[in-house]
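From first to last, the protein sequence lines stand for chains A, B and C. Under the numbering used here, the residues of the first sequence are numbered 2 to 306, in order. Under the numbering used here, the residues of the second sequence are numbered 2 to 306, in order. Under the numbering used here, the residues of the third sequence are numbered 2 to 306, in order.
Each hint should be verified, as a subset may be incorrect.
Just so you know, same-sequence chains aren't split out, so a pair can sit in one copy or run between any two.
[To be verified] Cut-off 30 Å, straight-line C-alpha distance, at most; resulting in silico cross-link-like pairs (DSSO-like, lysine-lysine):
1) Lys242 to Lys151
2) Lys242 to Lys149
3) Lys87 to Lys242
4) Lys300 to Lys37
5) Lys209 to Lys44
6) Lys166 to Lys231
7) Lys37 to Lys149
8) Lys87 to Lys37
9) Lys151 to Lys44
10) Lys44 to Lys300
11) Lys44 to Lys158
12) Lys87 to Lys300
13) Lys44 to Lys166
14) Lys166 to Lys87
15) Lys300 to Lys242
16) Lys37 to Lys166
17) Lys300 to Lys231
18) Lys256 to Lys300
19) Lys209 to Lys87
20) Lys209 to Lys158
21) Lys158 to Lys37
22) Lys149 to Lys231
Rather than coming from a laboratory, the hints here were simulated on the basis of the structure.
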Amino acid sequence: MTWFGRDLVTARGLGRDDIEEILREADSFSSIAREKRSTDTLKGKVVATLFFEPSTRTRFSFQTAAMRLGARRIGFGDDSVTSTVKGETLSDTIKVIDACADCIVIRHPLEGAAQAAANVSEAPVINAGDGANQHPTQALLDLYTIRKEKGTIDGLKILMLGDLKYGRTVHSLAYALSQFDDVELLFHSPPALRMPEQITNELRGQIKMRELSSFDLSQADVVYATRIQKERFADPEEYRKYSYHIGTDELATMKTDAILMHPFPRVGEIAEEVDADPRAAYFRQEANGICVRMAVLNKILSRKG
Amino acid sequence: MTWFGRDLVTARGLGRDDIEEILREADSFSSIAREKRSTDTLKGKVVATLFFEPSTRTRFSFQTAAMRLGARRIGFGDDSVTSTVKGETLSDTIKVIDACADCIVIRHPLEGAAQAAANVSEAPVINAGDGANQHPTQALLDLYTIRKEKGTIDGLKILMLGDLKYGRTVHSLAYALSQFDDVELLFHSPPALRMPEQITNELRGQIKMRELSSFDLSQADVVYATRIQKERFADPEEYRKYSYHIGTDELATMKTDAILMHPFPRVGEIAEEVDADPRAAYFRQEANGICVRMAVLNKILSRKG
Amino acid sequence: MTWFGRDLVTARGLGRDDIEEILREADSFSSIAREKRSTDTLKGKVVATLFFEPSTRTRFSFQTAAMRLGARRIGFGDDSVTSTVKGETLSDTIKVIDACADCIVIRHPLEGAAQAAANVSEAPVINAGDGANQHPTQALLDLYTIRKEKGTIDGLKILMLGDLKYGRTVHSLAYALSQFDDVELLFHSPPALRMPEQITNELRGQIKMRELSSFDLSQADVVYATRIQKERFADPEEYRKYSYHIGTDELATMKTDAILMHPFPRVGEIAEEVDADPRAAYFRQEANGICVRMAVLNKILSRKG
Numbered sequence: 002m003t004w005f006g007r008d009l010v011t012a013r014g015l016g017r018d019d020i021e022e023i024l025r026e027a028d029s030f031s032s033i034a035r036e037k038r039s040t041d042t043l044k045g046k047v048v049a050t051l052f053f054e055p056s057t058r059t060r061f062s063f064q065t066a067a068m069r070l071g072a073r074r075i076g077f078g079d080d081s082v083t084s085t086v087k088g089e090t091l092s093d094t095i096k097v098i099d100a101c102a103d104c105i106v107i108r109h110p111l112e113g114a115a116q117a118a119a120n121v122s123e124a125p126v127i128n129a130g131d132g133a134n135q136h137p138t139q140a141l142l143d144l145y146t147i148r149k150e151k152g153t154i155d156g157l158k159i160l161m162l163g164d165l166k167y168g169r170t171v172h173s174l175a176y177a178l179s180q181f182d183d184v185e186l187l188f189h190s191p192p193a194l195r196m197p198e199q200i201t202n203e204l205r206g207q208i209k210m211r212e213l214s215s216f217d218l219s220q221a222d223v224v225y226a227t228r229i230q231k232e233r234f235a236d237p238e239e240y241r242k243y244s245y246h247i248g249t250d251e252l253a254t255m256k257t258d259a260i261l262m263h264p265f266p267r268v269g270e271i272a273e274e275v276d277a278d279p280r281a282a283y284f285r286q287e288a289n290g291i292c293v294r295m296a297v298l299n300k301i302l303s304r305k306g
Numbered sequence: 002m003t004w005f006g007r008d009l010v011t012a013r014g015l016g017r018d019d020i021e022e023i024l025r026e027a028d029s030f031s032s033i034a035r036e037k038r039s040t041d042t043l044k045g046k047v048v049a050t051l052f053f054e055p056s057t058r059t060r061f062s063f064q065t066a067a068m069r070l071g072a073r074r075i076g077f078g079d080d081s082v083t084s085t086v087k088g089e090t091l092s093d094t095i096k097v098i099d100a101c102a103d104c105i106v107i108r109h110p111l112e113g114a115a116q117a118a119a120n121v122s123e124a125p126v127i128n129a130g131d132g133a134n135q136h137p138t139q140a141l142l143d144l145y146t147i148r149k150e151k152g153t154i155d156g157l158k159i160l161m162l163g164d165l166k167y168g169r170t171v172h173s174l175a176y177a178l179s180q181f182d183d184v185e186l187l188f189h190s191p192p193a194l195r196m197p198e199q200i201t202n203e204l205r206g207q208i209k210m211r212e213l214s215s216f217d218l219s220q221a222d223v224v225y226a227t228r229i230q231k232e233r234f235a236d237p238e239e240y241r242k243y244s245y246h247i248g249t250d251e252l253a254t255m256k257t258d259a260i261l262m263h264p265f266p267r268v269g270e271i272a273e274e275v276d277a278d279p280r281a282a283y284f285r286q287e288a289n290g291i292c293v294r295m296a297v298l299n300k301i302l303s304r305k306g
Numbered sequence: 002m003t004w005f006g007r008d009l010v011t012a013r014g015l016g017r018d019d020i021e022e023i024l025r026e027a028d029s030f031s032s033i034a035r036e037k038r039s040t041d042t043l044k045g046k047v048v049a050t051l052f053f054e055p056s057t058r059t060r061f062s063f064q065t066a067a068m069r070l071g072a073r074r075i076g077f078g079d080d081s082v083t084s085t086v087k088g089e090t091l092s093d094t095i096k097v098i099d100a101c102a103d104c105i106v107i108r109h110p111l112e113g114a115a116q117a118a119a120n121v122s123e124a125p126v127i128n129a130g131d132g133a134n135q136h137p138t139q140a141l142l143d144l145y146t147i148r149k150e151k152g153t154i155d156g157l158k159i160l161m162l163g164d165l166k167y168g169r170t171v172h173s174l175a176y177a178l179s180q181f182d183d184v185e186l187l188f189h190s191p192p193a194l195r196m197p198e199q200i201t202n203e204l205r206g207q208i209k210m211r212e213l214s215s216f217d218l219s220q221a222d223v224v225y226a227t228r229i230q231k232e233r234f235a236d237p238e239e240y241r242k243y244s245y246h247i248g249t250d251e252l253a254t255m256k257t258d259a260i261l262m263h264p265f266p267r268v269g270e271i272a273e274e275v276d277a278d279p280r281a282a283y284f285r286q287e288a289n290g291i292c293v294r295m296a297v298l299n300k301i302l303s304r305k306g
């Protein structure tokens, strides 16, 4: 298998070799990203970033990755500026962009939109989040962060907190982690927002999984917190009951060498007082997005990778 | 006449020589556009794309054209981000941009806006659609497509369908086709959406024109379909009565060597099942937008053209 | 003091040397800006323009300045496309951008937002307007314009008209002018929209200031008009009473060698008939924004300045 010219729609089909190839490439770009330097590797290439949904981190890190590789960009951050408002289908919109760009990065509120785009596009399509489904480049940057912070991924206990049902980042990450050895996934979420059975059924036998009955951070090597959206609950009382908060007290229950991650945005799950603790890895995680997306773009767009 | 430094506000004043010059230039750029390569022809130039109305195709093909020529871009896809919301006049807005950019591409909901912009701007202004009035670069890419698909423009029968009253693309195309020899325009539209008399009066004697009384695709070498907007009809029943649909059955009535064009977006005028037929030229037409707009930008911005 | 790596949040702390350094640098860029040429001075640098509020002039002149220096850009013109809509804090948003960009230009509706951004960002932050507070690059381009038009800044009488309470441009300009010799500030505004006492108290002793009791343009070397927003008045009658208008008659009362400036947008304060008068300096002022912002970006981003 080769990354060149390939769509990246889901983390589901990624093998360990595929992942390791990206992590190595990301390493080779990390100093460029950190020192904010640029290369001409993708000079003349055009990367389209089509965001049918609001985004800060993913959109800007893709744009920055493209720029630091010397590529140019087209796209939008809001589909109200496009013919979508006149009733155009996604398929017709993608065909326009396909004629313009060498690669299409798409975020869309509907599950399956990225695959639908890939079906009509000759240019490779990268899923930057489709509804509650997948967000594969987030999984790659999460793996990169875990390896960098903990030295290894194999053998770790990884606790996923929050909205595991609609949280596309934890879906992609669970599939990707299943490719590593002896990883154990711990889940804790509101009853209504459990990891979908479709995913746990598929991963059973490939990776150890366990539901925690209480909010217990003490066993995990990696605490992966995600945002719970108030809108997921009909009753605000339910939201209050099931929302969680990691402050200094909760942090104190974590292993001293554990790390705390979050795909962001956060809206109260993690107190700002936690930011200064060395275990708070989420800003480093965020910054890793640039070199990992440089790696993904370069692997997909450069023949020699 | 020279293209260098010139405004392109309407297709009305374009002579055949002007048109042929653009079509030749477009040809010379077509492999760059198709192979998604870039040049440095317009390095250091800044192209402003000011879209006061939603657009997908026109905006992205102008942006891509500018990029593939090495130019840089500023602009917006939505005037809610500008001082227009504070009550600024178009004229004052254009003067800001004029100090920034080498060329201004403008789409605006009001007829005459592009001419108004050209009146105050020193930088050349390209009309990317002003209300129901004109869309000259669309006419140029339509001509380019017809020539490429049919080998010639002279002598063809071209059927225009849909909203001929408010459809700026058919207005620009009718003027441009009047410069060619022995072309016949056939019209078919809802009674309330006929080609404006002002245009047919002006073109009489310069080009053959004929109204078709029924929906008959069989005579045309080129079927040019356009979108009918529901909002044009007070009574939804009227819309249902006059909207049209080209599916496999209708396609079967077309000449075997005819082509079917559409400026897009489509919202039901042409079924997706038609897309695979070789006569369906609209995605090729759309893709031609890039090299034709490269030609227009380069002719207007490069002294040697 | 050095400009390299420095935040530019307010005009308050700027010394005359700081200002002169920018004005000289702007002079050196003025022909590049006027002739719309480009340099590679900031090649590989990324400038983020974060506009949480609508803007035309400031946003496009920063973008154009960045481009003419060879820098690349990321950003938004409207925060509805960002995670702000999901409830993300400004601080968390700035940290994302900090990992992407070499410099952050921010406009925000809240006073103090630029300073808040500077507090969390390692990359230097440039305030492009924070609520009714400050707009320091506007002050610099205003000074540049005054010097260029009048030959000097020292010794001039400068009349500020309009909304002096919420007008951030006059706040920044007043601080900056206090660094020059023998300047006199004249104020005329609706009683409810006077220059804040906090500012006049701070500047007393550093610069002469005088309130004009009537709308009298005859004493000033520079008339600096600003927009009065209807929304500032509960009673529309009050707005009508206190809004002002400069037409040919009012212009006739100005000194023959005075200049008329306005930070724009204008909404009726200055008639279009005035535009052709040589004393109408506002379009030249606007155009000066590009070389002055090139100077600011280059001083802040280039080690050798």
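Going through the numbered hints above, which ones does this structure break? Give me the numbers in ascending order. 1, 2, 5, 9, 11, 12, 13, 15, 16, 17, 18, 19, 21 and 22
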